[in-house]
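Produce the entire structure from the sequences given, and follow the hints as far as they go.
Protein chains in written order, with this note's numbering: chain P, 1 to 511; chain A, 1 to 389.
Keep in mind that the hints are not guaranteed to be accurate.
[Claimed, not checked] Calculated pairs, SDA-like style, for lysine to any residue (alpha carbon to alpha carbon, straight line, at most 25 Å): (1) P:Lys37 - A:Val62; (2) P:Lys332 - A:Ser108; (3) A:Lys222 - P:Glu314; (4) A:Lys347 - P:Asp173; (5) P:Lys31 - A:Gln80; (6) A:Lys347 - P:Leu32; (7) P:Lys158 - A:Arg221; (8) A:Lys218 - P:Gly160; (9) A:Lys169 - P:Gln157; (10) A:Lys123 - A:His170; (11) P:Lys289 - P:Met47; (12) P:Lys3 - P:Ile379; (13) P:Lys396 - P:Glu140; (14) A:Lys304 - P:Leu32; (15) A:Lys76 - A:Leu36; (16) P:Lys507 - P:Glu314; (17) P:Lys426 - A:Thr306; (18) A:Lys115 - P:Val183; (19) A:Lys314 - A:Leu13; (20) P:Lys37 - A:Ile174; (21) P:Lys433 - A:Gln9; (22) P:Lys37 - A:Thr306; (23) A:Lys244 - A:Phe382; (24) P:Lys433 - A:Lys244; (25) A:Lys304 - A:Trp17; (26) A:Lys14 - A:Ile26; (27) A:Lys142 - P:Gly279; (28) P:Lys241 - P:Gly170; (29) P:Lys31 - A:Lys142; (30) A:Lys155 - P:Gly150; (31) P:Lys241 - P:Glu200; (32) A:Lys198 - A:Gln178; (33) P:Lys97 - P:Trp109; (34) A:Lys142 - P:Val183; (35) A:Lys155 - P:Glu153; (36) P:Lys123 - P:Asp173; (37) P:Lys2 - P:Phe443; (38) P:Lys289 - P:Gly228; (39) A:Lys222 - P:Gln157.
If you're looking for bench data, these hints aren't it; they were derived computationally from the structure. The model shown is predicted, which means the values in this text are computed figures rather than measured ones.
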Amino acid sequence: MKKNLRWKLIIILAVIGLCIFLIYPPQNKIKLGLDLKGGTHLLLQVMTEDAINAETDQQIARFEDVFKKNNITYTQAAKEKPGRFFVAGVNPDQEGKIRDLVDQYTRDWDYTFTGDKIIFTLKQVAAQFLREQAVTQTLETIRNRIDQFGVAEPVIQKQGSDRIVVELPGIDDPERVKNLIKVTAVLEFKLVKAGPLPDEQALLQEFGGKVPEDVEIVKGDPKRGHQGFYLVNKVAAITGKDLRTVRRGVDEWNNPAVHFTLTAEGARRFEQVTGQNVGKQLAIILDGKLQSAPVINSRISDSGIIQGRFTPEEADDLVVILKAGALPAGIKYLEERTVGPSLGSDSIRQGLIAGLVAIFAVMAFMVFYYQLSGLNAIIALILNELIIFGAMGYFKATFTLPGIAGIILGIGMAVDANILIFERIKEELALGKNVASAINTGFSRAFSAIFDSNLTTILSAIFLFQFGTGPIKGYAVTLICGLVANLFTAVFVSRFIFDLTVPMNAKRLSI
Amino acid sequence: MKIFKKTTQIDFLKYKWIALGVTFAIILAGILNITLGKGLKMGVDFGEGTLIRVQFKDPVSVSAIRKLLSDVGLGKSIIQETGKEGREFQIRTVETRSTKQQEQELESHQILANKVIEALKSKDDQQRAAQGLIDLNNIDHKALTAFLAQAFPDKSEELAGRIIDYRTKHGLIIDLNQLKQDPEVNLPDEVLNFLQKKTFLGQMTVLSKETVGPQAGKELRKKATQAVIWSLVAMLVYIAFRFKGVEYGASAIITLFQDVLIALSIYSFTNREINLPIIAAMLTIVGYSINDTIVVFDRIRELKKTMRREPLEKIMNTSININLTRTIFTAGTTFLAVLSLFLFGGKVINDFAFIMLIGSLEGVYSTIFMSCPVVLFWNSLFKNKKFRK
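Here it is in structure tokens:
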């Protein structure tokens with residue numbers, strides 16, 4: 001064997017070995033997309049405006065507090081829109097003092113004085129930070145919830161500025177998980193002032209039809225068996241943030257319930273509130289809906305129980321969301337795609353059949369028309385497929401149904417390069433050239449056409465990859481891998497086989 | 001072996017007027033159909049309704065399904081049978097529900113989808129579910145494990161796995177006894193008895209359900225448009241770089257648009273919908289089809305040097321004829337591959353395979369009959385003096 005052929009052989013064997021290493025064992029290395037293995041794909045948007053809104057409310061409350069403590073008079077402090085609020089009726093003489101105070105307390109807000117009114121606007125940078133933080137926190141919370149719920153190999157990723165992609169393999173009835181992800185999960189314990197009564201008016205009668213200052217109305221959650229309205233303290237005794245541990249258990253009637261213990265700080269406050277209010281009702285409120293309102297029998301310090309006619313699943317889910325914490329902002333579903341496992345396995349089977357038929361049809365054609373040279377093309381084609389799988393393994397790319405289509409399409413396109421070369425060789429032979437030089441010219445002349453043809457298709461595929469979503473990306477990846485590998489197999493490997501099998505002084509070429 | 005004994009001498013350019021006429025006829029019909037007729041049907045990917053694939057235990061007819069859906073006011077839904085002896089169907093909701101809040105739009109799609117699914121479940125199944133029985137054909141692995149844990153706490157996970165694997169393989173469980181008879185499942189009698197008491201086998205199962213809300217649909221539309229525009233720009237840059245003569249560049253561009261228009265026109269006469277894979281297929285067609293044109297043009301440039309005295313039309317004919325085998329065969333192998341995808345690849349990828357089939361045939365046609373005539377027309381329009389000697 002000539003020296004340069006030996007080197008070529010080593011290169012080819014190395015590539016084969018590498019690809020087998022990259023894809024073996026296939027069940028570990030091949031990642032299947034949700035369209036093939038079944039599962040739920042969710043795209044959701046984080047309502048980042050909520051975070052700005054909450055920050056504005058908090059800021060108003062904080063300034064009111066600061067102003068009161070520092071004897072600054074004003075008549076009104078109110079929100080204009082998220083990220084913008086005003087304090088009206090201030091004494092213009094106190095402007096200097098106010099400026100000092102505000103500068104001392106926050107740098108995130110711009111403020112301007114116009115007469116007796118101060119307008120606060122949230123700085124762009126601060127707003128941006130809040131939005132990003134809201135998305136990150138939401139993502140972490142969702143991840144926690146899904147981990148608690150127990151899904152094997154979930155994918156939870158940020159997409160763009162405020163989107164989150166959630167992929168849940170093996171979940172083909174996504175309703176429960178969707179609800180689990182979506183609940184804001186703000187848990188509050190508040191003292192009940194009055195209620196329950198069937199409608200709001202009745203509730204307010206003894207207060208002259210108006211909601212008094214530091215209380216608010218909450219509605220019972222019908223699912224938990226509470227129909228009426230309650231009047232409760234605005235300030236929560238404890239919230240979900242004060243929980244230390246949460247677990248599912250049962251109440252005294254053996255119904256599913258959620259047990260919790262409190263942090264030291266939470267326990268101190270809870271002890272104080274329950275100690276002072278024995279005999280009163282304490283409302284347990286989740287996302288603004290009253291779950292239950294047990295009577296405080298005695299001072300409670302660091303543990304308690306949430307009841308509410310839960311099914312076992314509901315109690316489990318409540319544990320999950322309480323453990324994972326509340327969402328900093330609301331979310332909205334934009335896209336949902338669910339594929340059951342049987343459709344996925346059908347797709348794999350049909351894709352496999354189509355692929356095998358395609359490869360055998362193409363092989364049969366090549367051998368039929370190009371005879372022994374066709375065999376050469378077949379070896380190149382098989383190697384091409386092996387390299388595609390190797391590359392997919394290396395890039396940890398996901399196989400999707402369009403990806404399978406890309407591979408099958410690639411089977412048809414891969415032999416194009418061989419056809420270009422073989423036709424050119426035939427032309428050269430017809431001109432009377434000898435076999436060796438015909439092969440030589442065939443390869444060199446056909447190369448630019450092969451390069452051209454692969455390049456234009458790769459160009460389209462690159463933009464598909466850039467702008468496409470999951471399955472389409474899978475298609476673009478397999479197509480690109482196939483076409484790049486094609487340059488190696490059809491040009492380098494195929495040439496090597498000719499050089500190896502056709503003697504320099506051959507009179508005939510089987511083509 | 002050779003299909004054509006010698007290089008063929010077919011005068012393709014003789015048919016240039018016919019070819020042009022055919023092209024125009026197809027595109028005109030397509031454009032009329034798209035603008036005035038049926039139009040291009042956008043699919044779920046672009047925010048239109050929900051696509052639900054269902055499988056039934058027993059064969060059902062399309063009209064029976066339509067009847068069920070009409071009863072709940074969803075009779076306009078597009079219903080297609082997708083094989084397996086009248087047991088598999090694809091249903092797409094078309095009615096849109098007006099909602100007060102924009103934000104609720106995805107949910108409104110889903111309310112409709114859930115209505116469809118409920119309507120398709122038989123009355124018996126609904127009653128059984130109301131009695132607290134579990135539908136073994138619609139429960140997922142996690143829930144089934146939890147359910148079996150009531151009676152068989154030690155091996156619930158493993159039993160559930162066996163049952164779900166069987167269901168995944170066969171689509172639906174038709175008879176509980178199969179779970180005992182199938183050697184791979186081989187459920188013990190006590191489990192079978194438990195299932196017989198506490199579960200039932202639903203008439204129907206949902207194979208897949210896809211909903212894209214209007215907002216996400218709009219974004220996907222934008223992304224698809226961007227992908228198309230940027231690939232076309234890339235092709236134009238490539239063509240400008242690759243071709244010396246403006247008439248060849250212009251012809252390549254026109255051929256390229258013609259590829260897209262013909263594929264779209266033919267597609268518009270089918271009942272198929274435009275989804276993301278269709279856009280992907282179109283771009284692939286564009287990238288793929290332009291190559292043959294390039295090869296023929298390259299050959300023309302080469303032959304112009306050796307066949308100086310011959311008219312351009314003759315040079316073109318010779319170029320096309322020399323390349324004929326490879327034009328047909330390269331497209332032919334791709335056609336073979338796509339054909340097997342079309343025939344065996346299954347329903348989910350069928351639209352994609354279909355448009356690729358059109359594309360691979362159409363690429364041959366445009367190379368042979370369109371690219372060269374366009375150069376001639378361009379010359380006769382803009383370069384009169386130069387070519388009339």
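For each hint, the structure was consulted:
| no. | hint | verdict |
| --- | --- | --- |
| 1 | P:Lys37 - A:Val62 | 29 Å, violated |
| 2 | P:Lys332 - A:Ser108 | 13 Å, holds |
| 3 | A:Lys222 - P:Glu314 | 40 Å, violated |
| 4 | A:Lys347 - P:Asp173 | 22 Å, holds |
| 5 | P:Lys31 - A:Gln80 | 31 Å, violated |
| 6 | A:Lys347 - P:Leu32 | 19 Å, holds |
| 7 | P:Lys158 - A:Arg221 | 20 Å, holds |
| 8 | A:Lys218 - P:Gly160 | 15 Å, holds |
| 9 | A:Lys169 - P:Gln157 | 31 Å, violated |
| 10 | A:Lys123 - A:His170 | 24 Å, holds |
| 11 | P:Lys289 - P:Met47 | 21 Å, holds |
| 12 | P:Lys3 - P:Ile379 | 22 Å, holds |
| 13 | P:Lys396 - P:Glu140 | 24 Å, holds |
| 14 | A:Lys304 - P:Leu32 | 52 Å, violated |
| 15 | A:Lys76 - A:Leu36 | 21 Å, holds |
| 16 | P:Lys507 - P:Glu314 | 82 Å, violated |
| 17 | P:Lys426 - A:Thr306 | 20 Å, holds |
| 18 | A:Lys115 - P:Val183 | 23 Å, holds |
| 19 | A:Lys314 - A:Leu13 | 9 Å, holds |
| 20 | P:Lys37 - A:Ile174 | 23 Å, holds |
| 21 | P:Lys433 - A:Gln9 | 23 Å, holds |
| 22 | P:Lys37 - A:Thr306 | 59 Å, violated |
| 23 | A:Lys244 - A:Phe382 | 16 Å, holds |
| 24 | P:Lys433 - A:Lys244 | 31 Å, violated |
| 25 | A:Lys304 - A:Trp17 | 24 Å, holds |
| 26 | A:Lys14 - A:Ile26 | 20 Å, holds |
| 27 | A:Lys142 - P:Gly279 | 43 Å, violated |
| 28 | P:Lys241 - P:Gly170 | 32 Å, violated |
| 29 | P:Lys31 - A:Lys142 | 22 Å, holds |
| 30 | A:Lys155 - P:Gly150 | 18 Å, holds |
| 31 | P:Lys241 - P:Glu200 | 30 Å, violated |
| 32 | A:Lys198 - A:Gln178 | 17 Å, holds |
| 33 | P:Lys97 - P:Trp109 | 17 Å, holds |
| 34 | A:Lys142 - P:Val183 | 21 Å, holds |
| 35 | A:Lys155 - P:Glu153 | 23 Å, holds |
| 36 | P:Lys123 - P:Asp173 | 43 Å, violated |
| 37 | P:Lys2 - P:Phe443 | 19 Å, holds |
| 38 | P:Lys289 - P:Gly228 | 11 Å, holds |
| 39 | A:Lys222 - P:Gln157 | 21 Å, holds |
When held up to the earlier numbered hints, the structure conflicts with 1, 3, 5, 9, 14, 16, 22, 24, 27, 28, 31 and 36 and fits the remainder.
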